[in-house]
Each structure stands twice: as structure tokens, then as C-alpha cells.
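Asker: Can you make the complete structure from the sequences, with help from the hints?
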Amino acid sequence: MIQSMTGYGKSVLQLPTKKISIEIKSLNSKNLDLNTRMPSMYREKELAIRKLISSELVRGKVDFSLYMEITGEETSTQINKTVVKQYIKQLREVVDGDDTELLKMAIRLPDALTTERDEIDEDEWKEISGAIDSSIEKIQLYRLDEGKSLEADFKDRVANISRLLDDVIEMDPDRIDGVRERLAKGIADIKEKVDENRFEQELVYYIEKFDITEEKVRLKNHLDYFQKALKSEDSNGKKLGFISQEMGREINTIGSKSNHAPMQKLVVQMKDELEKIKEQLLNVL
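Residue numbers for the sequence shown follow my numbering, beginning at 1 and rising by one.
Treat the hints with care, as some may be off.
Cβ pair distances, simulated, as ranges [as the list claims (entries may be wrong)]:
1. E44 with D272: 51 to 61 Å
2. E275 with K238: 31 to 41 Å
3. T17 with S55: 26 to 36 Å
4. E246 with E124: 34 to 44 Å
5. D272 with K228: 43 to 53 Å
6. Q269 with S55: 39 to 49 Å
7. K30 with A152: 19 to 29 Å
8. D272 with S134: 51 to 61 Å
9. S232 with D272: 23 to 33 Å
10. V217 with Q269: 18 to 28 Å
11. K278 with L113: 48 to 58 Å
12. K228 with P16: 45 to 55 Å
13. Y8 with E246: 32 to 42 Å
14. F242 with R163: 17 to 27 Å
Restricting the straight-line Cα-Cα distance to at most 30 Å, the calculated cross-link-like pairs of lysine-lysine (DSBU-like) are [to be verified]:
15. K155 with K228
16. K265 with K25
17. K220 with K257
18. K220 with K265
19. K238 with K216
20. K10 with K25
21. K148 with K138
22. K148 with K185
23. K257 with K276
24. K81 with K45
25. K30 with K19
26. K10 with K30
27. K278 with K148
28. K45 with K61
29. K231 with K61
30. K216 with K278
31. K18 with K126
32. K45 with K126
33. K85 with K104
34. K104 with K30
35. K220 with K231
36. K10 with K238
37. K51 with K25
38. K61 with K228
39. K148 with K61
40. K19 with K126
Simulated from the structure, these hints should not be mistaken for laboratory data. In this text the structure is predicted, and so the values were computed from the model without any measurement. We put the CB at the ideal spot given by N, CA and C, even for glycine.
Answerer: Below you can see the structure in the form of C-alpha cells.
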């Protein structure tokens, strides 16, 4: 089952004195590009969070955010009364103003507020860890749902290419006959007697140059392999990308060898379907 790299997961945890909100967003990327945002008091857990997300989400541009909102009466920020009083005293020497205005000015000056660093409560962190796990599960479900839509689209595109290939196979004998007729007519137009054996040898040479039997077989195999890879247990967008590149090589070779306008039209349609597959593969994990 393939997965998309696009996803979103959110969990909200209400603790006795604070509300914790966790969001994880991901977009497509060649590798894992992980950005984290969290209050400073939880920074010591960042390495463990990164390790967890890396092991679960594997690839993509991932943004992890942990927000904290104080809902209780406790606060870790205190007014440094001594410093504020000294600021007000000095301000009175510089400007005239009532106590409220001076306080507003003083409170914005350096060291007017102090923040005590809270130690992480391990029981509290266990609950937060559970919320992080929940957010990861939600983003994985989101990725799976997106993957189902991608898979359905891939199957349709591959089926279209397969049908176009069948048309190419059906058209191929008439194309070869056309090549043979054009060469024979060219010789006739010269109005010179030619060595029939030499003509047959040259004819075989040119027909072999235009022969697309191997390309038809290989493209059919690549299409089957792509379908098989879609059903694998692991989502492997890079593997599917490699297969699509091989499909492209065979389609291009068929186009360059065809020398037949109706077949080249089919090749253009196959290329169009393949380009749409490649665009969507950029989103596959």
C-alpha cells in the first residue's frame, strides 16, 4: 500500500495547569527535512522527538509544533520588584510622569521580568508523549488515505498506457508492410535494375532498424512490474520512480523507431500519461 508524503495530524491535551497542542504537517521532499518548534522547557526532549518522527514518517518535509497555553494560576514568570523600583527611581530623574506610566516604561526594560526554568515532570511528559504518538498515527492515516487516491490514479494511467501499447502492437505489422512498400517504391523510382539478393539484405537491415519487438516486450514487463510494486507492503516512491524512468526509455525508443505518424500519435499519448504518473510520484513516500 503506497503512502503520500502529504499529511496532517493534531492532538490536544488538557493538563491541570496547561493545554498542550501538538501539530505535525508534512509535504513531499526527496529526503527527511524535519523542523521542530516547541517551548524552551521541552528542548531537552527534542532529540528523542526527532528520532521518533524520523523512524515513523521516514521521508518528507515535516513540521512538528508543540504549543503550550497556561490555563491555571501558576506562572513561571515573575516581576523583579527590586529592579523595577530602581528603574522607576531613575526614570523620575529623567522624565515627569505618574507612577502608572513610569511602571509601563520600567517593565519593558531588561531584567524587569525573570523566568524560572521549570523542570519537566516525567508523569506529565508521558501524557505529552502519548499525544505525540496520537498525532503521528493521525498523520499516517492521512498519508494512507492520500496514498489510496494516488494508487487509483496510477492504475488508471498504467491501464491507459497498456491500452495504447496494445494499439501499437496491433498497428505494427501494417507499419512494417508500409516500410517495405516505401523501400520497394524507392527502388522502382530509380528505374534501375538491382540485385534482388542485395535488395533483400538491405530490406532486412532497414526493417531491423525499425523493429520495436524488444521495446514492446520490455514496456509490457515494466507496466506489469509497476502494478506489482503498487501492491507491495512497503511504500517505495523511489522504486516506482525508477520503473517509470525505464518505461519512459522504452516509449521514447518506440517513438524514434516508429517512422509512422499514427504510431507516433499513440506514443505522444503514452508520454502524456507517463508524465502525469511522474508528477504524482513526487508525492509518494
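Asker: If a hint holds in the structure, say so; if it does not, say that too.
Answerer: Verification of the hints:
no.: 1; hint: E44 with D272: 51 to 61 Å; in the structure: holds (53 Å)
no.: 2; hint: E275 with K238: 31 to 41 Å; in the structure: violated (18 Å)
no.: 3; hint: T17 with S55: 26 to 36 Å; in the structure: holds (32 Å)
no.: 4; hint: E246 with E124: 34 to 44 Å; in the structure: violated (53 Å)
no.: 5; hint: D272 with K228: 43 to 53 Å; in the structure: violated (24 Å)
no.: 6; hint: Q269 with S55: 39 to 49 Å; in the structure: holds (42 Å)
no.: 7; hint: K30 with A152: 19 to 29 Å; in the structure: holds (25 Å)
no.: 8; hint: D272 with S134: 51 to 61 Å; in the structure: violated (42 Å)
no.: 9; hint: S232 with D272: 23 to 33 Å; in the structure: holds (26 Å)
no.: 10; hint: V217 with Q269: 18 to 28 Å; in the structure: holds (20 Å)
no.: 11; hint: K278 with L113: 48 to 58 Å; in the structure: holds (55 Å)
no.: 12; hint: K228 with P16: 45 to 55 Å; in the structure: holds (53 Å)
no.: 13; hint: Y8 with E246: 32 to 42 Å; in the structure: holds (34 Å)
no.: 14; hint: F242 with R163: 17 to 27 Å; in the structure: holds (24 Å)
no.: 15; hint: K155 with K228; in the structure: holds (11 Å)
no.: 16; hint: K265 with K25; in the structure: violated (42 Å)
no.: 17; hint: K220 with K257; in the structure: holds (17 Å)
no.: 18; hint: K220 with K265; in the structure: holds (19 Å)
no.: 19; hint: K238 with K216; in the structure: holds (24 Å)
no.: 20; hint: K10 with K25; in the structure: holds (9 Å)
no.: 21; hint: K148 with K138; in the structure: holds (16 Å)
no.: 22; hint: K148 with K185; in the structure: violated (54 Å)
no.: 23; hint: K257 with K276; in the structure: holds (24 Å)
no.: 24; hint: K81 with K45; in the structure: violated (33 Å)
no.: 25; hint: K30 with K19; in the structure: violated (35 Å)
no.: 26; hint: K10 with K30; in the structure: holds (24 Å)
no.: 27; hint: K278 with K148; in the structure: holds (16 Å)
no.: 28; hint: K45 with K61; in the structure: holds (20 Å)
no.: 29; hint: K231 with K61; in the structure: holds (25 Å)
no.: 30; hint: K216 with K278; in the structure: holds (20 Å)
no.: 31; hint: K18 with K126; in the structure: holds (15 Å)
no.: 32; hint: K45 with K126; in the structure: holds (12 Å)
no.: 33; hint: K85 with K104; in the structure: holds (12 Å)
no.: 34; hint: K104 with K30; in the structure: violated (51 Å)
no.: 35; hint: K220 with K231; in the structure: holds (17 Å)
no.: 36; hint: K10 with K238; in the structure: holds (28 Å)
no.: 37; hint: K51 with K25; in the structure: holds (16 Å)
no.: 38; hint: K61 with K228; in the structure: holds (28 Å)
no.: 39; hint: K148 with K61; in the structure: holds (20 Å)
no.: 40; hint: K19 with K126; in the structure: holds (15 Å)
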